[in-house]
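Engineer: Listed below, chain by chain, are the residues.
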Amino acid sequence: MRARLAIVTAAALLIAACAEPNASGTPQIKDINVFAASSLTDAFTQAGDGFAKTNFRVRFVFNFGSSSTLATQITNGAPADIFASADETNMQKTVDAKLADGTPTVFATNRLAIAVAPGNPKKIRSLADLARTDLLLVLAAPTVPAGRYALDALSKAGVTARPASQEVDVRAVLNKVSLGEADAGIVYVTDVKSAAGRVSGVDIPEEHQVLARYPIAVVKGSKNAQLAHGFVDYLLSPAAQGMLAELGFSKP
Amino acid sequence: MRSERPPVLFVVLAAVGVAFFVLPLIGLLSRAPWETALGDLFSPEALTALRLSFVVSIAATALAVLLGIPLAWVYARVPFRGRDVVRALTTLPMILPPVVGGVALLFAFGRRGLFGQALDAIGIHLPFTTAGAVLAATFVAMPFFVLTVEAGLRSMDRRYEDAARTLGAGRWLVFRRVTLPLIGPSIFAGAVLCWARALGEFGATITFAGNLPGTTQTLPLAVYIALETRPEVAIMLSLVLLAVSLVILIAMRDRYLRAF
Amino acid sequence: MLTAQVAVRLGTLDLDVSIEAAPGEIVAVLGPNGAGKSTFLRAVAGLVPLTKGRVELDDVVLEDAARDIHLPPERRPIGVVFQDYLLFPHLSVLENVAFGLRARGVAAREARVTAGSWLDRLGVADYAQARPPTLSGGQAQRVALARALATGPRLLLLDEPLAALDASSRGAVRRDLKRHLASFAGIRIVITHDPLEAVALADRLVILERGRVVQTGSPAEVTQRPRSRYVADLVGVNLLRGTASAGQVRLTGGASLQSADGPDGEVFAVIHPRAVALHRVHPEGSPRNVWRGRASALDFQGDRVRVGVEGEMPIVAEVTPAAVRELDLAEGGEVWVSVKATEITVYPA
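Residue numbers (our numbering), protein chains in the order written: chain E, 1 to 252; chain B, 253 to 512; chain Z, 513 to 861.
Here chain E stands alone, though its shape is the one from the complex (with noise of 0.2 angstroms):
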């Protein structure tokens, strides 16, 4: 008798957890999905928090990683309400797989920079320094955006470089740095200015410069289309436009 009461109150109390509550009650919170290029960490984390004072009802839930590695998980299937790219290759996977609401947009565009232990020990002054026998060089893998960048803009410079590690998203590239496990790696200017103090940047000239551009699409099937169009709107707004110029983005 007292196990029937048991089961009988568990069952009352899950069916009662999983029920959407009615429209008749306190506004409820929406979770949106955000899948992002992990060059967009610090980026979206401040536009998710302005996003968000004008508009109570959302909580975003963000996944950072190499554009490459999302795009598969989104065409096999991942929950994601928005995906933003590090480059147009990646999203075009989602647009092939027929899962893009509409076109995408280019809301920023980065740039690449040499980021080095903090006051440069080691004197890097170009790319073609990279290339010095002398130097631990990382760079993101060819698999990955901003890793196939990086190879372009050596390529750009006529440079043979030998990295010690491939690493599996730009911002493992930044961490390497960073610890002073490696002299130099090839990321982008909006990482050296995370990094602020960890890290210093040599510019790279503007002809061996690889211009990544940053599309974003909400995904098919969301179950919160409006407000995620919302936030893809509020990133073109002049208010966000202002936030990611501080990170280091340019204009799309």
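Keep in mind that the hints were calculated from the coordinates and are not lab data. This structure is a prediction, so every number in the text was calculated from the model and none was measured. Take these hints with a grain of salt, some might be off.
As the list claims (entries may be wrong) - Selected chain Z positions facing chain B (Cβ under 7 angstroms, derived; list incomplete):
no., residue
1, Met513
2, Thr515
3, Ala557
4, Pro585
5, Glu586
6, Val592
7, Phe594
8, Leu598
9, Gly612
10, Ala615
11, Arg616
12, Phe812
C-beta atoms are modelled at their ideal positions from N, C-alpha and C, and glycine is treated no differently.
Here the structure of chain E is known, so what remains is to put chains B and Z in place on it, guided by the hints.
Structural biologist: Chains B and Z alone, transformed into the frame defined by chain E:
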């Protein structure tokens, strides 16, 4: 022998348990691109990663055996103050997230690490080298070996050693000709466990040793990278790892059970 | 000649004994479990360090606690046959027997030949290539003996050599063992808890109880004149202690015995249960020793019954089942006990 029908509840739960392991494997097999399989499998990158994986895992196991047998012996036979604490510390890598292990290795043996600087001074560099990958694999896999061998030492009948001594064998001879053969099964089982763990090591390797094809990109790392752009290759490499591990585990199923 | 003054304190065991053994005699150390027999053997073998004492074999000091001398087991000229035999399971019978020789530096081929001849001598040559787990108890015991003897020890120690055998094979194996032991010229010490084994194998018994030697002598001496309850129980007699004066023995329990003769002073008195008579009422006649008691236990052993009697004079009597019926004896029942003075053996304590 009369066979009893097992309780239904147990059978159902056991079936769920089996499904838990088997379904992901079936998923892997069903998505395998069998047409391009051979090409992917024998591509230079795949073969390099495979060769490197074997080299690293076998080297790690050899290192674990060399250091692990004396360590297991000390844990089993030499009572000293703080033994339990020391033993707990050396089995920590078993429960530590591998990436945490990699970070710890970095802070100890990295360029700016506690001991790394001293090693650097005498020309030994570990991060970004195959040796570093071996170190990372040994760090996470050795506890499996040590625990298994320690259990074997504790459960063996020590009177055999007494008998050997009364026959005239000194302590080293006793260890070589009596103790080691008697704990042979646990050494074997421990080594296989250790090797399997080393083969599959990812987190500590990529954090400490890095990821470079031919030098530090072992099979699990290659799978992870391949997954980003060429999932078919990733699947094939995963299946190779799976097949090798399965063969080994099946080959030693009885021996493992006899180890204790 | 072995002189062993062994004092070992190990956990709850407090062993302090002085035992000697000469070549040509087989000494059996007999005692109940926990008496310290195995510890004594292990101490002599060098597997347990002495807390105090000295072990000397043929004028060579094996151990001297006071002078910090301790020869490790592998340097002692001893051979040990362990209870359970402890034949190395991963080696063949031949390799087992050759083990001691190889350990002492003998070349492989020579060791195998010597080992083979020992297996021959003990009649187990057929099993040379077999693995120990396949051997029967008797075969394993002979291989263990061969292994211990192959190195030519001066002292042979046997720890409960027949304990691992089942009752049916024990007799035959015991006779075999006695034969093999007889042909060994060195010192032989057998540790056992089985009095049958001790009496059958040994020339001299050393009775060990609670870490102390309580009696030593030939099997005949020990069994006819036991000096401890343990031996008395083994032999199956009543043992009493008291002070004697002109045939009157005042027992430690308070009661008094009248014996036919015997020394004065501190004495043991032995009464065989068969010599104890039981009566329904106070008996008439010659017996000077009569007491009242209560039957406490009836132990039917085939054609005899052992009756334990409590009272002022606790004693065990042995009667026939018919007598039990006639006396209407039952546990708790009242009974009168009598013993003839001539049936009491008294000797100095």
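Engineer: Now, for every hint given, state plainly whether the structure supports it.
Structural biologist: Right, here's what the structure says about each hint:
1. Met513: Result: violated, 20 angstroms to nearest chain B Cβ.
2. Thr515: violated (20 angstroms)
3. Ala557: holds (5 angstroms)
4. Pro585: Result: holds, 4 angstroms to nearest chain B Cβ.
5. Glu586: holds (5 angstroms)
6. Val592: holds (4 angstroms)
7. Phe594: For Z/Phe594, the interface hint holds, since the closest Cβ of chain B sits about 6 angstroms away, which is under 7 angstroms.
8. Leu598: At 4 angstroms from the nearest chain B Cβ, Z/Leu598 passes the 7 angstroms test, so the hint holds.
9. Gly612: holds (4 angstroms)
10. Ala615: Holds. Min distance 4 angstroms.
11. Arg616: holds (4 angstroms)
12. Phe812: violated (40 angstroms)
In summary, the numbered hints that this structure violates are 1, 2 and 12.
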